[in-house]
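Asks: The lines below spell out each chain.
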Amino acid sequence: MNAVDLHRKLERNSGLLIFGILFVSAIGGLVQVLPSVLQDDLVTPGPGTQPYGPVQLAGRDLYIREGCSTCHSQQVRPLLAEVKRYGPYSKAGESAYDRPFLWGSKRTGPDLHRIGGKYTDVWQRMHLLDPRSVVPDSIMPGYPWLAERAADADGSIQSKMRALRRLGHPYTDADIEAAPAALAGLKEVDALVAYLQALRAPPAEITP
Amino acid sequence: MSDALSFAVLTRLVTQPMAVFKALSKSTPDGHRVFFQLIVPLSLIPPVLAYVGGATFGWRLGGGEPLMMPARSLTLISLAYFFALVFGLVSSAAVSTWMAATYGAQRAFGTHLALAGLVATPVILASAAHLAPHVFVNMLVLIPALIWSLYLLYRGLPEALGIPPERGMLMASALAAYLLVAIVSLLGITVVLWSGGIGPAIGV
Amino acid sequence: MADRTSGERYHDRVASWLTAFAMAWSIVGMLAGVYVAAELVWPTIDFGREWLSYGRLRTLHTNAVIFGFGVSALMGTAFYSVQRTCHVPLFAPRLAWFCALAWQVGVLAGGISLLAGWNGGKEYAELEWPFDIAITVVWVCFAIVFFGTIARRRIKPIYVSNWFYGGLIIVIAMLHLVNSLAIPVTLSKSYSLFAGAQDAIVQWWYGHNAVGFLLTGGFLGMLYYFLPKHAGRPIWSYRLSIVAFWAFTYSYIWAGPHHLHYNAVPEWVQSLGMVMSLVLLAPSWATMVNGVMTVAGAWQKLRTDPALKFIVLSLAFYGLATFEGPMMSIKSVNVVSHFTDWTIGHVHSGALGWNAMITFGAFYFLVPRLVGASLYSVRLANIHFWLALAGTMLYVLAMWGAGVSQGLLWLSLDEIGELSFSFKDIMASMAPYYALRLVAGIIFLAGALLMAFNLAMTGKGRRTVAASPPAVGVEGP
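Chains as they are written, first to last, in our numbering: chain A, 1 to 208; chain B, 209 to 412; chain C, 413 to 889.
No lab work stands behind these hints: they were computed from the structure.
Hints are all accurate, no fakes.
With a straight-line Cα cutoff of 27 Å, these simulated DSSO-like cross-link-like pairs (lysine-lysine) come out:
id, chain 1, residue 1, chain 2, residue 2
1, B, K230, C, K713
2, A, K9, C, K641
3, A, K9, C, K568
4, C, K641, C, K872
Just so you know, these numbers come straight off a predicted model, no measurement behind them.
Throw the hints in and build the complete structure from the sequences for me.
Replies: Spelled out as structure tokens, the structure:
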């Protein structure tokens, strides 16, 4: 049966057409995406990569809430100029605890994967609340409301950690027990700063 | 046709554009003559101005210090600029000649080449802004010129090639598509050459 | 036969309402786009309000134009055209109404949730899990109505526009279901089932093919119905459309990883993504040629039909975008273009030049027929055409300028091998391009507003009560 006849059959039978579309469009996913999802070493934590502590985790969820990744990538490419500008390039194992990944697709502002430790907590705080107080030319929005609300206002940190534990993040009962105390009294901006300061290359990478 | 290539005509292009295109449709200019008398001189204007502006003031890209390039780089860039313009105009004319059969238009290459030159004229004259090599100034001047050129393309093409305006609209859109693809290809080629090590150093 | 069909009418009111909703979403979405563009020029115009903040408003912009404008337009034109290409009224018309209205409620509530900060964090799939479930329900109903209508068709061969609409429904369902897999924590928060590099590969399999099967394939369905209608002649080569459809459906799905060049995903995934992206040029341009040749034989129609101009122009930008995309997937181009505004320009050459223009073309055709009146003002439609053309051109040029300079300046080294420019200086130098982009956006939005006015007046000025045409034998494809 040649291709034209095959198609004539497909275009006269809606069930076959549906099946044909599903089959043809699924091949790429099955051959390319499925093996990657089954390849464990892509999500094996690299040396020195730890799950986020409760404060950093709360900060990361704020980073997602405010849409920071629309303008900031977290992915240093293995290019000379990028390694010079940002630091050691990003490896798959570093993102093993990232749900979702936040590599981003646009750098209106700079990459942040190695931002941790480059500025003080005070600078980061001022910059988040009013970027132009420290970088006059900045076009980043300010986030004054982060200073007003408690970091775990809805008290969800323990359910978050339990959900992540079900997905394989190695939190102990003691970790989860201690989480609310770690966040007590912190404002949202503190959590976000803690997360940003944690964005750095694994220790093995920094000491040559 | 010789008068269609003089600077007097360029001023008429501003005052009575359609008359210029009508005149073009009534003559069949020789391709070689159009090339040397119109395309080459027109294509020389922007690179020369860019060279003078860049050498005197340096390019300002924004907030930072003006970018002063060594004379050799500047010469190379200006030369590349010139050849890109010539290539753009000639290839557009070639594509337009090739499409003429489909749209039932005049098929003399010289006519299409002269059309390409005339349509590009506003942008090329606006390149006087290169003398003030600041990106913002250049954009302010070149963008209206570009819109003017686009207008000339859609209005002038059917007039010059002797086809109904509806058909001309189709052909002009096809040409605009070609131009966009050509520009983006040029961007792509520049970037590939650049990341391949030709031109100023980049760290890849 | 006559007995069975007497009294049957095409269900066009649901298509009319979807058209009106799509128009409304286009204004909302583009307005949000213009506002975020302005925020990049004047960063303080969010006035310290959370819901006006760039990160939230930009997400609303993309969701309102893709899911509000895009999907409503596709659903409306699918309902309109599937009845006419199958010669039967819609299957389960009440379900069709449910789809249309539930979708609007979903996008509206979803948009509000985005402004409130409910964000899943995956691009173009930001809506949180309650909305993911709602989307799935509506989508299944959409599939039931669409394929149910096809199953009852009175014309044996299924017309090509329906394959593309069908591909849209099936493939988007598959992508959405897999990419949205997550464990809910609270009403507004969930964690993805996939982590890190695997999440990246799944997300861009989704993200790229949402562009592929919704913004490209779905709208090709629109093209294959409305272009021959406008032109009053069949598609130039039916065989080419068949070949292009299958090649498109097969090869698009592989191309996602070109969003992850030089990222921490396996080399073979990146290379395969690049090769398949280049292959994709062939079916894309085959479709463009098919469209151009169809119009070329009917140019006289341009005199009486202002809408056909939009379709012609949409084909030009379709050609540009489908050429630019494969080019940007080449690794040595991508190394410069990735993370820059060039990507934004590329998206908009497709979104403004192709998706919006072809929809405008379809609506200028559709609305007068749906309301039973002639277009209120052809002159306004012509002005809209020029605004749309100028707006798109300026947008694309501004982003080319911005993107190429970002890419090169970020990477450039001086003679002793140090970085030539600080990130801050490069960012500051974007101001003129961002200003030009804002102007371009305003011009395009102004055109869309003119259209909304024109179509609203057309609806108001109808001479006869809108009557759905009888179901049989009126118009074939």
